Amino acid sequence: MSDIHPQAETETRALVRLGRFLKDNPVIPLIGLLFLLIGALELMRPGIISPFWAGNTIKFAIPLAMLAACQVLTMLTGGIDLSAGIVATCAAFVAATLTPLIGPVPAMLTAMVVGAIVGLVNGFGVGIARVHPLIMTLGTGLIATGCLQVYQRYVIATGTDIPDILEWLGTGRTAGLPNGLFLFVPFAVFILWLMRYTGFGRLLFALGSNEKAAKLSGVRSWQVLMALYVLSGLIAALTGLLYLGMIRAPSLSLANPLMLPSVAAAVIGGTSIFGGRGSFAGAIVGALILRVIETMLTLARMPEGARIALFGLIILAVTALYVRFTEQR
Amino acid sequence: MSFVRKNAWTLGLIALFFVLLGVTRLIQPSFGVSGLESLARAALPFAFATAAMAVVVIVGGIDLSVASMMAVCSVTAAVLMQTMGGVPAILITLAVGALMGLINGVLIVVTRVPDIVVTLAMLFVWEGTALLILNSPGGAAAPFLREAIVGSVLIDGLPQALIVMAVIVALIWVPLKRSKLGLAIYATGSDENAAFRSGVAVGRTKAAAYAFCGLFSAFGGLSLLALTGIGEPVPGPYLLAAVAAVVLGGVTLGGGIGGLLGPIIAVFILRIIRTILTLAAVDPNVTTIVEGTIMVGVVMFGAFLMMRGRGPT
Chain A
1 MSDIHPQAET ETRALVRLGR FLKDNPVIPL IGLLFLLIGA LELMRPGIIS
51 PFWAGNTIKF AIPLAMLAAC QVLTMLTGGI DLSAGIVATC AAFVAATLTP
101 LIGPVPAMLT AMVVGAIVGL VNGFGVGIAR VHPLIMTLGT GLIATGCLQV
151 YQRYVIATGT DIPDILEWLG TGRTAGLPNG LFLFVPFAVF ILWLMRYTGF
201 GRLLFALGSN EKAAKLSGVR SWQVLMALYV LSGLIAALTG LLYLGMIRAP
251 SLSLANPLML PSVAAAVIGG TSIFGGRGSF AGAIVGALIL RVIETMLTLA
301 RMPEGARIAL FGLIILAVTA LYVRFTEQR
Chain B
330 MSFVRKNAWT LGLIALFFVL LGVTRLIQPS FGVSGLESLA RAALPFAFAT
380 AAMAVVVIVG GIDLSVASMM AVCSVTAAVL MQTMGGVPAI LITLAVGALM
430 GLINGVLIVV TRVPDIVVTL AMLFVWEGTA LLILNSPGGA AAPFLREAIV
480 GSVLIDGLPQ ALIVMAVIVA LIWVPLKRSK LGLAIYATGS DENAAFRSGV
530 AVGRTKAAAY AFCGLFSAFG GLSLLALTGI GEPVPGPYLL AAVAAVVLGG
580 VTLGGGIGGL LGPIIAVFIL RIIRTILTLA AVDPNVTTIV EGTIMVGVVM
630 FGAFLMMRGR GPT
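Top line first, the protein sequences correspond to chains A and B. For reference, each letter of the first sequence is one residue, going 1 to 329 in the working numbering. For reference, each letter of the second sequence is one residue, going 330 to 642 in the working numbering.
If we strip away everything but chain B, and leave its shape as in the complex, we get:
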């Protein structure tokens, strides 16, 4: 019972996802394996952007530069893959991503400027860096990278893209969450002062959380490259989507609450809503309105639930 109560929000999201999947089948009976696969592929960069955002929101910050960091990683990998093998290029890209995140985090800790402002400024810095690396879309992706997210594994209908994403996120997040650092991240997010007084190295924890944010952004950039096959220096619309999914996924913007599972399911919910609206032949512009309304509506609903849960104050 306590498991259900503790994970009520996530379980609700999963239920919602399956309901929406059912709706999709109703509207488009031919929606099947290939539909699921393309859904998972399209959701890939959004999922990594959301994971990146979720880590820093849990530590009590926010990173507005996620989309720009993804652009830097995507062009870095695209340029490197022209001259060297795929694996070293990927490793270098991941290191670059983590380094960018670390720079964000260290700047926030050292300058004591609010995180929104620092990452807002760094958004411009990374955007410019991406343009410096590659002035116009170009470069190349290693073939195996492109194939890694195509098709299904094990059984039909289990998209490979989904598995790749789940494995990567789990490999990073589960050990992190169970480690000392994970505990420190949650502690810093829920109350920075209390964490500091209990001996948590708050500054180092924050910087580490931002580094993980950069690492996830690097995966996001790689998945962008895998999707399109070329490096794109102009950041995509991943910032707003990531914030929306993080909030939908039950991570509160104060920090300290939530995990990565909820936000990633929220990404798929947002994507499938888009699919449904497209299948229902709704004007794509109306889709934007619907997405915004859902985002605001769900947050209001969540606040309402929390107020009821807390009882009259």
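Chain A extracted, bound-state conformation:
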């Protein structure tokens, strides 16, 4: 922005400055939007906004935000993790079926190992075999679904049990707030710290902004991608465990409906799908926004079709506005 076009600049300077400010602080307009939506909700149904409602909204936004973390981290490198929902389902199912057999702690650890294995395969495909992340994670998702169905055949007789700790995390409340926050707050702090203050986080941004430049500066991209997808698998598995405690009924498609909204939460949160830009704080607000919108659409008592369609339109409108404002791609 030098002064090649001084007149044009004076006219648009305020807008540009606003855009730049929003670009640097993507969370602020999002929080504004969130409160706007909450205000609209209060107008639609006066008296709905209560501490209980807030607790409930937060409770159901937590697993969405955690899965969105998978998307934010992988999108930073220009990738995406479409296996996250299925990994979460697998982890939940494995934990629930193994608990009566080997006890809650080993069962949960096994569930995490499942996530790590899928992540390892993803990392191998994306980092070493250079398969497009979209294809790779779709493929591993398919494979994992099949494995889960075969596995189910063998454990159908043992019955399921949900570890107490997960139930406490998923359904309990402390001082009106859901216990899931005991898991989520440290998790969020860890992710934010990882993205902002560690070498690993910077490597993710570097790979996403310009992979060639990053490689020329000595980044071993396959190691970074390997670690990234394993981390993503672990996060997805952890989400699955938490979600299991919340729903308390393991099924073969438990967390799958969270998959596409998690991508939407990450995108609404200002993460660029092309890599190099993203924030987890934005994704958290994005998840909350999605949950509030869902409440609104449920309250409006529309037919299911109209609700689903409006949900899609709102996602599109929010992202389009966002792109307009910040002029990002």
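Please note that the accuracy of each hint is not assured.
To give an idea of the interface, some chain A residues facing chain B are shown, with a C-beta separation under 7 Å as derived from the structure [stated by the list, open to error]:
#, residue
1, I128
2, I135
3, T145
4, G146
5, V150
6, V267
7, E294
8, T298
9, L299
10, I308
11, F311
12, G312
13, I315
14, T319
15, V323
Honestly, the hints are just simulated from the structure, not real lab data. Here the structure is a predicted model, which means the values were calculated and not measured. Built from N, CA and C at the ideal position, the CB exists for glycine as well.
Using the hints provided, position chain B relative to the given structure of chain A.
Just chain B now, with coordinates in the frame of chain A:
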């Protein structure tokens, strides 16, 4: 020689298909005309979904809403055929499909939101639209539509469904590929900036490609209706299958490379693998694992071949 080299991937796929056909005969000696016919019928919606996906992948995009658009078209046709003749209903459905695709494309161009995100959002929109049109499976299919894909033509073993599909795809794709628009689609897919600087109307080209995607999806929806006889508002598993077949068929996810023949052969390969596994009495769940592994494996193999072809870098 250059023909062979240029079409190596497609020719390889055809060879693979015939090998698999042979394997099927080995496992099940009675696999014959009727087996081929049912294979072709079952592959029909997958083939159209794949054709739809291939067009937008060639232009450098992706359309996650293909399965939802197919659902909208299937219920539209099913509802219309209750009250009016089959032919006008089909024409309206095709127009609806093309319009939906055009809306996707225009939104991508106008909002400048990445295509994955737009079509992800539109996936919900079209899914909801389908539910609004028809809340539960219902409607009716015109009898001639159902008969159009049954049986063989000319000689035994040449399934009519296959011919119908081949004729429709060829009638749309061959003139398109040879036209100015086709050239623009390939140019935009291989390098958007270069295409723009050479005077290609990139935005219009993209929107047109998405409209063709919608048109193929409409055929997919019609074939769904023809297969089942009722309109089904809930999208089927066509999205993943279409992406898999497109990639198997040699269309790269960056755009600009490949055609429709490869992906459609890939559809049949994936279907026949399913048939083989079923005939071999393999657990259908294992089949899912095998399909996923094949998809990932073939893509890795393709990347490996490309790296070798390019030589050490």
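Results of checking the hints against the structure:
1. I128: violated, 9 Å
2. I135: holds, 5 Å
3. T145: With a closest approach of 6 Å, the A:T145 hint holds.
4. G146: Since the shortest Cβ distance to chain B is 3 Å, the answer is holds.
5. V150: Hint on A:V150: holds, closest Cβ of chain B at ~5 Å, below 7 Å.
6. V267: Holds, because the Cβ-Cβ distance from A:V267 to chain B comes to roughly 5 Å (cut-off 7 Å).
7. E294: violated, 12 Å
8. T298: Interface hint status for A:T298: violated (14 Å vs cutoff 7 Å).
9. L299: Violated, about 17 Å.
10. I308: holds, 3 Å
11. F311: holds, 5 Å
12. G312: holds, 3 Å
13. I315: holds, 4 Å
14. T319: holds, 5 Å
15. V323: holds, 5 Å
Of the numbered hints stated above, those contradicted by the structure are hints 1, 7, 8 and 9, listed in ascending order.
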